[in-house]
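Residue numbers (the working numbering), protein chains in the order written: chain W, 1 to 344; chain H, 1 to 344; chain V, 1 to 344; chain S, 1 to 344.
Quick caveat, the hints were computed from the structure, so don't treat them as lab data.
Please note: incorrect hints may appear among the correct ones.
Same chains, same names: a pair is fine if it fits in one copy or spans any two.
Think about it this way: if two alpha-carbon atoms lie no more than 30 Å apart in a straight line, the pair counts; the simulated DSSO-like pairs of lysine-lysine are [what the hints assert, rightly or not]:
no., residue 1, residue 2
1, 141, 115
2, 90, 163
3, 2, 222
4, 115, 163
5, 105, 39
6, 334, 2
7, 222, 39
8, 141, 249
9, 163, 124
10, 249, 86
11, 249, 163
12, 334, 39
13, 162, 39
14, 163, 2
15, 39, 86
Treat the numbers as computed from the prediction; the structure is a model and nothing was measured.
Protein chains: 4
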Amino acid sequence: MKVSIIGATGYTGAELLRLLGGHPEADIRYITSESSAGKSIAEVYPHLQAVQEAKLVSMEALDEVAADSDVLFIALPHGHAMAVGKRLEKTDVKIIDLGADYRFKDTAIYEAWYKVPHTHKDAKAVYGLTEWYREDIRGAKIVGNAGCYTTASIMALAPLVKKGLVELDSLVVDAKSGVSGAGRSLSLNSHFGEMYENLKAYNVGGHRHTPEIEQALGGLAKTSLVLSFTPHLIPMARGILSTCYARLKNGVEAAAVDAAYEEAYAQEYFVRLLGRGGYPATKAVRGSNFCDLGWHVDLRTRRVVALSAIDNLVKGAAGQAVQNMNVLFNLPEKTGLELSPVYP
Amino acid sequence: MKVSIIGATGYTGAELLRLLGGHPEADIRYITSESSAGKSIAEVYPHLQAVQEAKLVSMEALDEVAADSDVLFIALPHGHAMAVGKRLEKTDVKIIDLGADYRFKDTAIYEAWYKVPHTHKDAKAVYGLTEWYREDIRGAKIVGNAGCYTTASIMALAPLVKKGLVELDSLVVDAKSGVSGAGRSLSLNSHFGEMYENLKAYNVGGHRHTPEIEQALGGLAKTSLVLSFTPHLIPMARGILSTCYARLKNGVEAAAVDAAYEEAYAQEYFVRLLGRGGYPATKAVRGSNFCDLGWHVDLRTRRVVALSAIDNLVKGAAGQAVQNMNVLFNLPEKTGLELSPVYP
Amino acid sequence: MKVSIIGATGYTGAELLRLLGGHPEADIRYITSESSAGKSIAEVYPHLQAVQEAKLVSMEALDEVAADSDVLFIALPHGHAMAVGKRLEKTDVKIIDLGADYRFKDTAIYEAWYKVPHTHKDAKAVYGLTEWYREDIRGAKIVGNAGCYTTASIMALAPLVKKGLVELDSLVVDAKSGVSGAGRSLSLNSHFGEMYENLKAYNVGGHRHTPEIEQALGGLAKTSLVLSFTPHLIPMARGILSTCYARLKNGVEAAAVDAAYEEAYAQEYFVRLLGRGGYPATKAVRGSNFCDLGWHVDLRTRRVVALSAIDNLVKGAAGQAVQNMNVLFNLPEKTGLELSPVYP
Amino acid sequence: MKVSIIGATGYTGAELLRLLGGHPEADIRYITSESSAGKSIAEVYPHLQAVQEAKLVSMEALDEVAADSDVLFIALPHGHAMAVGKRLEKTDVKIIDLGADYRFKDTAIYEAWYKVPHTHKDAKAVYGLTEWYREDIRGAKIVGNAGCYTTASIMALAPLVKKGLVELDSLVVDAKSGVSGAGRSLSLNSHFGEMYENLKAYNVGGHRHTPEIEQALGGLAKTSLVLSFTPHLIPMARGILSTCYARLKNGVEAAAVDAAYEEAYAQEYFVRLLGRGGYPATKAVRGSNFCDLGWHVDLRTRRVVALSAIDNLVKGAAGQAVQNMNVLFNLPEKTGLELSPVYP
């Protein structure tokens, strides 16, 4: 399988190189960067020396790249993948976009939250959260790989919503992420002195992963819904924990909650159920494609508190992208992804 | 003013020494420790060399200690302060307990959550969250200094609850703390390799600060209430951020929320209002007695999201204890506490 | 190949499980623990759930374990491997000891530094620093896997010493390690609150890795030597950087230094030469078996400063142990170890 | 005492504001910034809200600033203070420069290492490492405040060199610093994702603090000398540890080493002698002006290993600047600097 990466020099691109480099069926053909074209990737990321030393090329020669690839991963900032998708619409290459351009069924929602016009509204794109949309992904041309916060949050809440166990107007998602989620671009918020031993929320009520979670959960609930989503920056590099709150409907008992998680995930290799009373920890999934889930039923408040932990760069980005590639090409989903977490 | 500290070798005790050592009116007389009696405090905490080198004594000679003190700070694990308070009931010494023993009006709640019998039910104790209970504290014999999570959480929600702006059954507090909150006792949860680049929740639905927050907010609302409280461990030493969610009552607008915070805190030196849209950060209060507050009104979900940041060892423990001492002794509240945060 | 691990619940044991779990030829048979016998390893290390869930057994049934294993990894505190080695002397099982018991040719040195009698002085043991002792290892019964600091330090200095380029009485090794090097046992030095944003030296002049480095370099120099070795604790979990100082002999020029490194390592997959002027970084090797090397020639002081970075749990322990296993069993040395560093 | 700060928006400037804000004799008049002129300092550093809210002005009106100040602190990048010093030569204002422009007696050394012409060669400037140059500082017009690495390193080695106990060609300084030393300017080296759980050396053989250490030690030895100095970046915000190696001269015994430290520092409040065998830790001085010292005599190698820890922003910059101000104005040296370290 010939694979290429459009935009390989962000943290997501680098993580794709780590994972695809260890994938037995993947043969990396082209990796592109506009800012570093002509350099080897190991000049940009010295940790890749001896692991992956391909030369970065410009994406100007996109048609050539596509012609020599079975699948393209796009790891560009949002707004840039649409042009690529449209240009390659008639080719055979499969596209997995790690940005937001192809995540929304209703492109008006994309336009409202991302403030850019959508230029590829009729794309044959599916949403790439593998465990919930596997059948759609199988035959797709374009996969809009799910976001990091969204993957963690949907995984935690979907079983409850699908089974109709919780009040839909009660959903609150309090999410925490390591700083790598903000990427490799320099900013005061990612400056070591500012974020070390620091902790803060950002974008309350306005983070763009909100409508993505709402779309997925609304789809399962078969009704539109809104929820509160609050992201936080945590002084660590990798990892997301989503703490999700929902009011149980009258009469729903803890056993029904347990059953919902079991039914949804008992067969899923990448979902590790820590059970009722379980406490996922980001370090326990670091470097791996696992999503760890635990849930708590608080009868005093009639709320369920669902917790999920992922590595934002793996299950929240590059790992899930490879998982989707495996689905697209009918490989066993675990191929290249049976990575032990790196602990401690 | 002669001050003594019962239980000086925990992190809270050490922080009291830092703050009282810089307090112009405080003269430290006795510091006690059962495990390290006979040592100097600088042997236990080398950072205190040349700052504070008093010898630790056993609390066996408690009557002597009390006789030579105007105020005693108790920094013992819960369950141990009651005996001290009872034994000194008839003396003139004032007591500020940094544990939970004297925080509850209804000692049955204490007994239910802390699983120990309360042995000093008729104590003349007041709750020590200064900004909200200042007048009670002024003449008190015993102050039950507010907890760390509770201080952050009550400060954020109290103005909304007091003004009746939010639905009382909608309160969710998602709190995050640095690891020093777990103290200096060794445990796997505080082991460096386990918590570095790690993040997790604990005690969901069962943390003992829950009823303390409920007592305070219920008191302001003049009705009993329950809420969801979830604590998290964050890979940093100091700092707490509380992210608080509440549904606005019908008809309540953002301006009323702003007014509630202004009315509650505009005159408070230690409360820094970052305003609507503000983002408190734990590092911005590190080492100081400030509580930073910001709030967000999300009209899509009709929720207000209130954020507060404190240093758990200062405003969440030793700093507030000194603030309470200043109130007890009619000193200006800022005395000894005009500390700039240490940044970066 | 049937492999077993004696003492699987320390950080080194857990890392062996991560690496052997991904090794295509290794079949894990027994894992032992005295304190956790009867539990599954995933109860002790939740990150291993779904990755490795074998049950821990006691090492009492050592003969059975050995009879069903081709190779035993011993990850016990020093002093305990000798009994195992002696008991299994007549069996066919190969032994790779990750502790210090089998590292010294002259067991009197072991006894002097480790303060325990050596009870297996006539063992057929070889020193397990693969790149330098590969040929010895090939036919060995017992491998005394090199220590973490020692691996980093020897790799940096060996080419200079072997080629006779530096004054042997001028060697200074200033080494820095993440806290995981101190293991999972609880101690104040590994307590999060104490080591976060902290940095200090320990065991100056007395660290037990000193004679191990001296043995190896003295062997290459064909003379005994002493050097200064200073270990430091760094507030991170994984990684070692050794900064090594040596005075160039008169007349030696930079080109000779370059040539020494090239000659020693140009063909070594796990050694990445960053060249003269290069700066190894621990994060660039995290999770991998690489040793990154850079060197600097300072003509003002006539010193060469050699820098090496490894992951203390991989090339400094479990990774090198697997590399040695590959040598013992005539597998390509990279088997199971072609792991990309995990970055960021 | 009227004080102003030229260049107040770097980390050093912010630390000056923290310290001068708590100084009982200092009245802050002007704080300047070219990039943020017109803003309040609390907009640039939110942690200073309610602590220090002065408005930043441009330094264009330097003459006015100087006319209304008794002392100016200059916290500009090197190369910019000389113009200020020259322009104010005839005024009465005292100048404390926290950069390198006024640190060198021989300005040719400055020019060689800093690559800029020195434009104020005849300045009446003294070197500002208080404990060693106190008498010179007392009557000075301009103080060239000592650098961070240099303060730590000179404090550790000066007693040995002054007493002639060590071989001058054997000096090696291996220094480690938190990332705040690199300032608030954005760079990949200070990017959170790059430096978290990372560790590396930089500028081997070429760091500009090298000649500053050599100047001071050479002055004490009354001969010129060169030494090896290697700085490292450590994943923490604040703190420097210098590990210094020197070969004892023949016949020198441990007692002479002890005596040298005692003689040099027994009367110094800000130097805490941890004694022979002591281990300074950066966290034990965090936020304070202390320099902690320990030393080790290794008879195997005939080397003394001297260790010193400081907070790079306090004793390594702003704290020592205030200490120098106290000397300049005949205040007790501790004034405003009796700060307890902030621990944990």
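- [ ] Classify it for me, residue 249 with residue 86: is the Cα-Cα distance of at most 30 Å met within a copy, between copies, both or neither?
- [x] The answer is neither: 45 Å in one copy and 47 Å across copies each exceed 30 Å.
Open item on the list: Within, between, both or neither: how does the pair residue 115, residue 163 come out at a Cα-Cα threshold of 30 Å?
Closed with: Cα proximity of residue 115 and residue 163: none, with 34 Å in one copy and 37 Å across.
TODO: Give the relationship of residue 39 and residue 86 under a CA distance limit of 30 Å: within one copy only, between copies only, both, or neither.
DONE: within (28 Å within a copy, 46 Å between copies)
TODO: If the cutoff is 30 Å on CA atoms, where do residue 334 and residue 2 land: within, between, both or neither? Let me know, please.
DONE: both (18 Å within a copy, 24 Å between copies)
Open item on the list: Within, between, both or neither: how does the pair residue 249, residue 163 come out at a Cα-Cα threshold of 30 Å?
Closed with: both (11 Å within a copy, 29 Å between copies)
Open item on the list: If the cut is 30 Å between Cα atoms, do residue 163 and residue 2 qualify within a copy, between copies, both or neither?
Closed with: neither (40 Å within a copy, 46 Å between copies)
Task: Same-copy or cross-copy closeness of residue 141 to residue 249 [CA-CA at most 30 Å] - done: neither (39 Å within a copy, 47 Å between copies)
Task: Identical-chain pair category, residue 162 with residue 39, by Cα at 30 Å - done: Result: close neither inside a copy nor across copies, 48 Å intra and 36 Å inter.
TODO: With 30 Å as the alpha-carbon cut-off, assign the pair residue 2 and residue 222 to within, between, both or neither.
DONE: neither (38 Å within a copy, 53 Å between copies)
Open item on the list: As a check of your reading, is residue 90 near residue 163 (CA-CA no more than 30 Å) within one copy, between copies, both or neither?
Closed with: neither (40 Å within a copy, 61 Å between copies)
Task: residue 222 and residue 39: within-copy, between-copy, both or neither at 30 Å Cα - done: Classified as neither; 49 Å inside a copy, 44 Å across copies.
Open item on the list: One pair to classify: residue 163 and residue 124, alpha carbons no more than 30 Å apart. Within, between, both, or neither?
Closed with: Classified as within; 29 Å inside a copy, 52 Å across copies.
Violation of the numbered hints given earlier is confined to hints 2, 3, 4, 5, 7, 8, 10, 13, 14; the remaining hints are satisfied by the structure.
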